[in-house]
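Colleague: With these hints in hand, go ahead and build the complete structure from the sequences.
Protein chains in written order, with my numbering: chain L, 2 to 365; chain F, 2 to 365; chain S, 4 to 395; chain P, 4 to 395.
It should be emphasised that the hints constitute simulated quantities derived from the structure, not laboratory data.
Positions of the beta carbon are idealized from the N, C-alpha and C atoms, including for glycine.
There could be a bad hint or two in this list.
[As the list claims (entries may be wrong)] Label-pair distances were calculated between CB atoms; the ranges are:
#, chain 1, residue 1, chain 2, residue 2, range
1, F, Arg233, L, Glu146, 44 to 50 Å
2, F, Ala24, P, Ala57, 50 to 56 Å
3, L, Glu10, S, Glu40, 44 to 50 Å
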Amino acid sequence: MISFEPTEEQQIARDAMHEFAAAALRPVARECDESASLPENVLEPMHQLGLGSTQLPAEHGGGGEARSPITNALVLEELAWGDAGLALAAVAPAAFAFAVADFGTDEQKRALLPLFCGARFHAASLAVIEPGPASDAALPRTLAEPKGAGFVLSGSKRFVPLADRASHFLVIARNNGGQDAFVVPRDAAGLRIGQPDAKLGLRALPTASLELERVELPASARLGGARGCDVRRILDSSRAAIAAALVGLARGVLDYAVPYAKEREAFGQAIARKQAIAFRLADMHIEVESMRWLAWKAASRLERGLSATRAAHHAHAYAAEQAMWIADEGVQVLGGHGFIREHPVEMWYRNARTLSVLEGTLGL
Amino acid sequence: MISFEPTEEQQIARDAMHEFAAAALRPVARECDESASLPENVLEPMHQLGLGSTQLPAEHGGGGEARSPITNALVLEELAWGDAGLALAAVAPAAFAFAVADFGTDEQKRALLPLFCGARFHAASLAVIEPGPASDAALPRTLAEPKGAGFVLSGSKRFVPLADRASHFLVIARNNGGQDAFVVPRDAAGLRIGQPDAKLGLRALPTASLELERVELPASARLGGARGCDVRRILDSSRAAIAAALVGLARGVLDYAVPYAKEREAFGQAIARKQAIAFRLADMHIEVESMRWLAWKAASRLERGLSATRAAHHAHAYAAEQAMWIADEGVQVLGGHGFIREHPVEMWYRNARTLSVLEGTLGL
Amino acid sequence: MIDFELTHNDQKVLAAVREQSLVCRRYARHYDENEHEFPPDALPEAKDHPPAYAMLRDRAPDDTSFPVMSMLIVAGESWGDYSVRMRRGTGGLGNAALRAAGTPEQQKKWGGLTLAMAITEPGCGSDPSRVQTTAVLDAASDEWVLNGEKIFVTTGCRAQGVVVWATIDKSAGRAGIKSFLVEKGAPGFIVAHKEKKLGIRADDTAAYVFEDCRIPRGNLLGGDETIPKESSGGFKGVLKTFNMTRPAVAAIGLGMAEAALDFTRDELEKAGVAIEYGGGLHTQSAVVARFLKLEALFEAAQLTVLRAAWLSGQSQPNNLEASVCKAKAGTAVRKITQGCIEILGPMGISREHLLEKWFRDVRITDIYEGTGEIQRMIAARTILGYGRDELS
Amino acid sequence: MIDFELTHNDQKVLAAVREQSLVCRRYARHYDENEHEFPPDALPEAKDHPPAYAMLRDRAPDDTSFPVMSMLIVAGESWGDYSVRMRRGTGGLGNAALRAAGTPEQQKKWGGLTLAMAITEPGCGSDPSRVQTTAVLDAASDEWVLNGEKIFVTTGCRAQGVVVWATIDKSAGRAGIKSFLVEKGAPGFIVAHKEKKLGIRADDTAAYVFEDCRIPRGNLLGGDETIPKESSGGFKGVLKTFNMTRPAVAAIGLGMAEAALDFTRDELEKAGVAIEYGGGLHTQSAVVARFLKLEALFEAAQLTVLRAAWLSGQSQPNNLEASVCKAKAGTAVRKITQGCIEILGPMGISREHLLEKWFRDVRITDIYEGTGEIQRMIAARTILGYGRDELS
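Modeller: Encoded structure:
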C-alpha cells in the first residue's frame, strides 16, 4: 500500500543524522574542500553512528538489523545535506560490505564482513568507473580471464573512493561474456594505486585510479564464488544511493537560498518578494520533492527485492539533472555571493556537477 | 564581412510580404484550419507575389533574378507569421522548381520550369517523409532499382504537400547505395495518392501519402540525369526553410502575447507587470532573435554556395525546439484564453508542433 | 512504512479501470471530432463492467488509501479518454463545494443534483478574488439578484444546477465573495454557449450570463451566517475544496500523458527500438534517451500527486503539496506529450492516432483549477512564509 | 547584405588570436591553483606574437566591422584563458567610463592610468541605484569625502585608480549618484582583500573600503556641471557605457564555452564518436544528440552577441540587444559547460583537464555586469514599452 511515512525508527535515525550533519559536517565542509582532505576526526564519529555495520549480520559482528535501502536513503539525504563529499566517504565501505553480504560466499562473508564491524572506520570500496569519455558502468572494459582455477584481471579504474586507504576493492569486470565482481586486496601483485585525484568537487572524498596489470586472483576472489553475483543489482543500488545523496545536496542549496532571498534586499525590498526569485524557489522546492520520491521509490523496490533497474535509472538520471539545476539556480539567487567562497553555494555547485556524473561508486 | 543588414530590395520584399500576411492570410487562417482547406482565392494572390518564379531562369519563363535563400528566408518568416500552413502551401512548388533549377538536366528544366512561371499557381512538391516512427529523411527506405535504361521505384511517402493537386513529385529514394531524386508525374502507373491527411496542425496545407508500387520511370526521370543530384543539399535547404518558417510562427505568438499581457488584468494590474510573465516574454523575444540569426546563417551559407549541413541542422533543430516552447508559453500567457479557439494561439501551438516535426518537405 | 507497491486487490481494481477506459477510448475520436455532441451518461458496454469505485466500497471506513486510489482511478480513466467515461458520475465541482460548505438543508435539497461551479469571468482569469458578478439582496422579495458573466464552466451545459461565485460587497474584496446555488432554468440564467477548445473538445465547458437572475435568499451557500464575518473565512472555506481537486486535475493530466508514453513505447518497440534502463549516455540511442527522460518526468510528477493525496488520507494538511503536484504535472504533461510527438515524428501529428489528441487534451492541465503560475505563487508563499501582501 | 562569413584578413587575425591564446592556456592551471599570484603583464612569449588589435589598426576609420571583430577577439582570448593574456591592456572598466563622461582635463590627467570601476556594495548587488557609499563636499577644503564599502571590483588590486559610484544625496535616489575618480594610495582608501572565488581565480577581484577618503573637488567625473541636473541624466550616461561591455562580457563567456565544446568534440573523436549533422533523432546516438544541442546553443548565443556588436558598428541603438545577448550567453555558457562535463563524465571533473575550470570560470557570466535577471528586466521593459515604475 502506497505510503510516504517513514517508520518511527527511521524518523529517529533521520533526525539524528540531520543533527549530526549540521553539527559535525557543515562546520568542516569548507576546510575539507579547500584542502582536499578527509580528517580522521570527522570520519570516526560517522563510523560511530553505525552507518554500515548495523545492517550487517550479527554472526559476522554486525548489528543484525534487516537491510533497509530506505533507511539508508533517508540517512544519506541528511548526511549529504551536511556535505556530500564527507557523506560519500562515510558510506563507501558499506557499498563494499553490503555487496559481500548480499552476494558473497560464506567464506567471503566470514573473511570480510568483520572488518567493518570494528570500533574504528575501515575503508574498502567499489571500483566501477573506467577511463575515457565513452565509458559505461554497465559495460566494463576491465577483463577477467580464467587462469587455472583463478582469474587474471586487466584494466583500469578511475575515481575509486578511499583508494588511499582501502584494504580491498570490489572490481567490476567482464567475465566470460557477463559481468562479475572481484575482491582485490590492496597489496595484490600488479595492482597500482594512483596519486589522489584532484577534482572539481567532492574534494573531501579521496579518490584515485587503479591500474590492474595482470592481477592474479584465486577462484575465491570472485564475489559469490562459482555462482557469481548480480552486478546489475549492485549498480542499481549505487544509482539509488547517489540519487538520495543528490536529494540532500539539492535540499541544502534550497535551505540556504530561501532565507538568503528573504534577507537580501534589492530595489527596496527582499529579492524573495520578486516573482522571478520566488517562483524559482518554488520550482526548486518542487524538484527537491520530486527527486526525493523517485529516490524513495527506487530504494523501496530494492528493499522489497523487486527489480529496481528502471526505478533506479529514473531516480538517478532525474536527480542528477535536477540537482545540477538547483545548485546552478542557487548560485544565481545569490548572485555575486554565489560566486565567492565565503558562501557554500559555489561548493555545492561543484559538488552537484561532480556527484551527478558519478555512477556506480556507491551502493547501499 | 559579418552583417545583419538585408539589402534594400530585401527590406522592400519583407515589408510587402508582411502587409500581405496581415491583410490576406491572418483573416482566413482560422477558417482554413477549421475546414482543413486551401482556398484558391488565397493561393492565387500568393502566386501573384512571384514567390517561386522570380528566381527561376528567364530562359524558362522565370524572372531571372539570382537565387537568394536569404530573401526567401525573410519572405517565409513573414508569410509564416501570417499563417504557417498557407505559407508552406504557397512555397511548396518552389521547393520542387528550385531543385530542378539547381540539379536538373537542360531537358528537365525545359520541360518542368515553365510550369511554375505561368499566370496561375502550379502545384508540385517534394516527397521525403516516410512512414513509421523511426524514419530519417537522410536515410530513405524508398528504393530505386535499375530496369533497362530506367528505374523502378518502390516505397511509401507520407505528408506530401499539395498531393491532392500536384502535377509532379520529386521522390527521394535510395539508388545504388546513395540517394537520388526522381521526377514522378501524378499519373505514373503504380503511384497511388492517398486521401487527404487529417492533421494536428498546418491544416490549411493539404498533404497525403504516396504509395509507389513498382513505379517504372525512364532514365530521364532521375534528377540531374546520369550526374544525379545532391540530395543532402536539398535536405539542407529544406531544414533552413523550415527554420525560417518557425521563426515567423514564433514571432507571431510573441507579437500576440505582448499586447495581450499588457491589456489583461489580474490581481489589480496588467499581467505583463508581473516578473513571471514579463521575464517570460523577454525570454520569448530572446529566442525569436536567436532562431532568426541561426536561420539567416544557414540561408547565407546556402546562398554563398558553402556547405550548409551543420548550419542548417542547428537552425532547424534549434528553431523546432524553441518554436514549440514559445507557442507553449504563448498558450500559458493567455491562460484559459490560450485554450479556446476564439484566439489563434491554440492553433499556433498545434502548428508549431506539426511544423517542427516535419523535415525535408520544403526547400528554398 | 514507505512503500510504493499496490496491494493485489488495488492492482485488480486499477486493471479493471484500465480495461474499462480502453473501451471508452474507442469513442474518443468520435467525440473529439463531433464536439457539439455530448458523450452519453453511460456507454452501452457499461453493464458489462463493474464500476471502479464500487470495488473500493468494501474497504474499512478508516482505510487511508482511498485518496491515493482515487487519484490512480481518475488517472486510469483519463488514460482511456478525458471526456468519455463508462458511466458518468452525477457529481460536478459544485457538489464538492456543497459538501464542504452547504447547510444540512442545502445538502438535502441540492445533493442529488449535478452541480457545476462557476468562478472564472471574462476579466478575472486565475484571480477568483476579482469576481465582478454581483449578488444584491432584494429585501422586499427576500431574493438575491445576480448579474454578471461566467466562462470556462466545467459540465456547465449538462449540470442541473450551479454554484456561482459572486460578490455581495465589492468594497470588501475577498470577504465580500459568496457562493450561490442556482438551478438551471432560473429566470435570467442563460447558458450562452459551449466553448470551442484546443482539446477536451467533447467536454462540456460553458459560458453563462446572469441577467437580473433572481434566486431565493436561502440559496446563499452556507446560509446567512456566512455574511457578517469580517474575515475572509468563507472564501477560504471554498478555496479549501481545491486541496483534492488540484491533485485530481494533475492525475487526470498524467493519465493522458501516460497514454502518450505507452503509445510511444509500443510504436518504438514495433519499429525495433527497445527501451532499456541499464545503460548510460554513451550506450543509448538519442531516441531512447529522449524517451527515458519523459518517462522519468512522468514518474516524478505522478509521485508528487500520490504524495498530496496520501497526506489527505492521513488527514494532514496538503495545501502546499496540492499546489506542488498541480504545478509539476501541469508542466510535465506539456513536455511529455510534446516529446512523444517529437519521438514518433509524422506519426504523432496524424489524426489516425490519438497521440495528437492527448497533446491537445493535456494542455488544459496547467491552466484550469489555477494556472501553474498561481500554484507557484501558493508554493512560494508557503516556503517563504509570506502572506498575500508580501508576494503577489 | 546579410552575411556571416569573415574576410580572409579577419580570419587571419582571429587565427593569430587563437594561436596566442593557446600559449596563454599553458599558464591557465597555474594561475588557477595559485590564486594569490597575478598573471604577469606580458608573457615571455609575447614578443613573438603580434598584438591582435594592432592587426586591426590598418582599417579605414569608418570600418564598421570593428565592434564585431572586437567581440570575436575577446572571445578568442578567453578561449585560451580568462585571466591569462599575452599582453595585459592598460584599460579597465573605469577607463570606459572616463572616456564616456570625463571632462577633457580629466581625460588628459587620468587617461594613462588603469582605472577599475567600483559599483557593487555588500548590500546592493545588481541594483546600482541603491548605492550607499556617500560623497560629501567639504566646502572648506574643496574636497569630496567618501565613505562606504565596495565589493567585486574587477582589476581592483592592480588598477592604479578607480571610478567609484557614490551618492551625494540619498534622498535624490538615482539622480544623486555620481562617479568619482580616486587614485590608489589616497588616504582612507583601503584595498580590503582579493575575493576568493569559484572561478576566474587568477582574476583580480577586490573589495574596497573608503573611510573618510578625501579627494580633490575636481575628481567628480564629468565635473561640477553634472550636479545641478534634476534628471538622472548623469546616471544614464554611466549606464550607457554598458552597451558594449555587456556584449563583451557575453563574448568572453562564450569564448570559454567554445573551448569546452572544442575539448569535448576532440575527446569524443579520440574515443571514436564522430559528430555528424545530417541525421535526425532516430539515427543519432544520445551523446551526439546532446553535443549537437550544446553546439546549437553556442551558435545561437554567439549570433546574438554579434548582432549587438554589429548594431553598435552601425551607430544604431543596441540597448535591448546588449541585454538580449548578455542574458542569452549567461544561461548558454552554464548549460554548455555543464553539458560537456556530463558528456565526458569522470574526465570532466578531473583537474587534469581544463574543462572543470571552464565550468567554474564561465559561471561569472550570468552574474557580473548585471545578472541575467537584470538583463531580462531591461529586455522586458523595452519590448513592453514599460518604464521603471511599471515593471520592477
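Colleague: Next, verify each hint and record whether it holds.
Modeller: Hint by hint, here is what the structure shows:
Separated by about 46 Å at the C-beta atoms, Arg233 (chain F) and Glu146 (chain L) satisfy the suggested range of 44 to 50 Å. Distance hint for Ala24 (chain F) and Ala57 (chain P): a CB-CB separation of about 54 Å, consistent with the stated range 50 to 56 Å. The hinted window of 44 to 50 Å between Glu10 (chain L) and Glu40 (chain S) is violated, with their beta carbons roughly 58 Å apart.
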